[in-house]
Amino acid sequence: MAGETLPPMPPERLIELNDVAVHFSLREGLVRAVNGVSYHVNKGEVLGVVGESGSGKSVTVRSIMRLQPKTALDAGGAIRFRLPDGSVTELNRLPRDGREIRSIRGRHIGMVFQEPMTALSPVHSIGTQIARTYQLHTGASKEAARNRAIDLLARVQMPRPREMVDVYPHQLSGGMRQRAMIALALTCEPSLLIADEPTTALDVTTEAQILDLLRSLQAEFGMAIIFITHNFGVVADIADRVAVMYLGRVAETGTVDQIFYHPKHPYTRALLQSIPRLGQKRVHRLKTIPGMVPDPFNIPAGCVFHPRCEHAVAGRCDVAEPASRTFDGGQIARCHLADSLPELVS
Amino acid sequence: MVGFIIRRIAWAIPTLAFVSFIAFFIIQLPPGDYVTAYAAQLKHSGEYLSPDQEELLRQQFGLDQPIFIQYLDWIGNILLHGDFGRSLEWNANVSDLIWDRLGLTLAISTLSMIFTWAIAIPIGVYSATRQYSFFDYVFTIFGFVGKGIPEFMLALVLMWLGFVYFNFDVGGLFSAEYATAPWSYDRVIDMLKHLWVPVVVLATGGAAGLIRVMRANMLDEMGKPYVETAYAQGLSERQVIWHYPVRVALNPFISTVGWALPALFSGDIIAAVVLNLPTTGPLLLKALQMQDMYLAGSFILILSVFTVVGTLLSDILLAWSDPRIRYG
Amino acid sequence: MSTLASTAPEDVRQEERLYTAKPWTLIWWRFRKHKLAVASLVLLILSYSGALFADFVSPYRPFDIEKLQTFVPPQSVHLFSANGFEGPFVYGLKRSRDPDTARVIYATDETRIIPVRFFVEGPEYDFLGLIPTKLHLFGLDDPKQKLNLLGTDALGRDLFTRLMYGARVTLSAGLVGVSFSFLLGLGLGAISGYYGGMLDTSIQRLMEFIRSIPTIPLWMGLAAAVPIAWDPLYVYVLITVILSLIGWTYLARVVRGRFLALRNEDYVMAARLSGASEFRIITKHMLPAMTSYIIAALTLAVPEMILGETALSFLGLGLRPPVVSWGVLLQDAQNLRSIALAPWLLLPGVAVVIIVLAFNFLGDGLRDAADPYGR
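Chains as they are written, first to last, in the working numbering: chain A, 1 to 346; chain B, 1001 to 1328; chain C, 2001 to 2375.
Take the hints with a grain of salt, since some may be wrong.
Unchecked claim - Coverage of chain B stretches by chain C, computed from C-beta distances (three or more under 8 Å per stretch; other residues unrestricted):
#1 1143–1150
#2 1262–1272
#3 1281–1289
#4 1306–1317
Please keep in mind that the hints were generated in silico from the structure rather than gathered at the bench.
Nothing here was measured: the structure is a model prediction, and the numbers come from that model.
Built from N, CA and C at the ideal position, the CB exists for glycine as well.
Chain A with its partners taken away, still in its complex shape (with noise of 0.2 Å):
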């Protein structure tokens, strides 16, 4: 458990995270929003993060970033970044408002948060939000650092950048918004960004947009992404790698060829299965994910996923949480029954 046994990252491992738990201590008790969650992400590469509404995805986001509310307790676990000399910090162990997590914030690690509506600032135009950030972190004069505004803005392909410079939030559609908000994430060319359901709040056609820009700014910078999402189409889209999320647990991490055509985990099986996909026979219904997400404060004992499991075995999963098992191709599901469910119909 502790930091200290953890073997070194590989080279090309960029951010790890080692049964990260964050609690919040509310009056009517204690929540253990994550609970024991670990993925990694190499250099370059697009990890998708699914899971339902409350499964911990966000707040473990956040704490990669530090930037929990303050309520949030750091219940323990390992986050261990590899800046871009090649040192390794461990994220977790530095003070929430201290300088070294303010100079990775925004320069190492980029973030991109789900409503383009209100996380811009209102009084601010765009060009001054990305030419504040940019002066904060490499101390430009303040006309570089307009003309870096200038070039962002082109780059993640907005109009007329020279105009949308001296433009307000309010002024821009959602999609546009969105845009200015990557490029306030992306002004330092950071190695990691982290993308928080940053295509929730848009309709379809904007979102297949940004998800197309996304990609082409990977290809272009080179940084690795972490997306979170509830939509596994978005995520079979961009990712390389997914983890699956539930009540604050990995339930199961995996390439997208493994997560999708051999998942080993009930959950990720169950949810599959509720989404529609081209090719199906007609006749198929959909299914549903009996129950519903159990309350924060009252999670089952066992593997948290058992009272909705269709598979699950009294005695074994009620009682005993299982540990997390590695399988063939680095997939790794926490579940008793991984290897012993029955073939998926499709």
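Take the given structure of chain A and dock chains B and C to it, following the hints.
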């Protein structure tokens, strides 16, 4: 922006017309008119006006005209000649009496406003960023009590405390030796020594209210996503707070400057009566008690005009600081 | 928290209770959580009953002059003397003159113990204006001795008595003024919010006009026009009308805002679609949803009225002696000399502050509780 300012100024004109009408209405309120009052005054000093003479005077002053014509006369004299009519009580032109006092009222009100802001903004920000801390509770209590204490009560209590414990008279704006002296460095210093009392009296109520507004606005704003975005850029807590949520939380503040002015003028009048300040308050009160209506009406008119202009300025300021309004 | 799987049965019952409770019950439950607001409510009820039964509660009559008891400082009621427990009592007063300044000074005489009695006979009055009686809540047995809980003024009148009688005028002026502005505000606010359009714009403009005039000078101007010789009752009514002429804009704003918000609610649309008449929609669907907000806004408007009355009377432009109101009482405390001599004359001001705070707390509590389904 220019278009906005022009539109806003155009809106202010009917408001100004309305307040001038109200002021004239108040002048007309007491039974009788200027001539009745003038006749009564003459009678006091032993002279006597016959009804015919009164009638002649009425015609001379245009008091036999319909009320609307009288209003036009009155406002026309003010606008064209700066002539506000005559004060019977002082036997002088109103315009000779009011400007000094209005200047002081304006000075005290402006100073109080600056003082209010200087207190309320940092405290509001502090209370919001350290919610439920010890000092947050202290300021919350101050906010409630400050809002509940009327200005005259605060002035009375300060006067009493100053007299009993420090044995000095906090009333007035100047010490006796400077009261009628021409303006000099020493006189200004002397005035500053006295000025803090009315400023504290006037600022307390306003600051108490604004601290609560600022705190609530800040708490609202700090929960918004753009603040998290700012943190995610690597800005420090201080940079984030003062550049982002404070900027936005200040907007409702700026828009209420205009509403703060009437409250300050109102407070100033009462506090001035209690503290015996040479501002509008005591003179307005005396004019009303003596039914010296041209003097009283002029005060009300000019105070209202100040308010309207203040509101106008605050709207323009708001448009300048909040792009959503400028382009909205 | 909407859960199915794992809620304990007790929680379910509690939630059931929450779902089936009537709106007013919900409001009461939420209001009860604000300790300060509940305490304020109790205090206000006590004050208003004290004002209503002022003649019974106070030991004397407001105009009883005692030439030998001028500027008596507040007397404290003791329970224990040098001899141990005595029950409530006051010490006798020794009156003397300062040889230098010739001012009257009072010293407590610890040898004379005068017990305070409850339900004693005192000056005669008509209880509630109907039943002639001499019974007072408390007082001293010996009519020669006086009990001045809050001291006396320049004419030796008991300040506590005058404060209670003054409460009648001041506290009721708040309520009367608010009811006037309630009529204006509710009417114009409802019209403005419900019909919108030109009517809304013109009412909005009118409100802006009124709000752009500094209140105190306007009040003063209007109040100064009230003839001095008039019956105090007329003056009282006129002053409250003047106060409410300006106060209604705040209420109208609240009402209009709620109307605008409610007009677009789905359930109002549903009522309209199912053919309910305009009148029915307003009275049966919209008004009940606003009552709690209006009550909260009214509560917050009362202190403004009380402060207005006090300020005007204090300046001598509102109510005038012989009427007793807190503002009139404070006129005695207008100059430094009398405050320095008799600081207890400021007590009516303290009463104003307490009542204003109580109304503010109560109003805040009500406003927070006003939305029964909010969190």
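So, going through the hints one by one against the coordinates:
1. 1143–1150: This one holds; 6 residues, not fewer than the three required, reach chain C with a Cβ under 8 Å.
2. 1262–1272: With 7 residues close enough to chain C, the hint holds.
3. 1281–1289: holds (count 4)
4. 1306–1317: holds (count 3)
Checked against the numbered hints above, the structure violates none of them.
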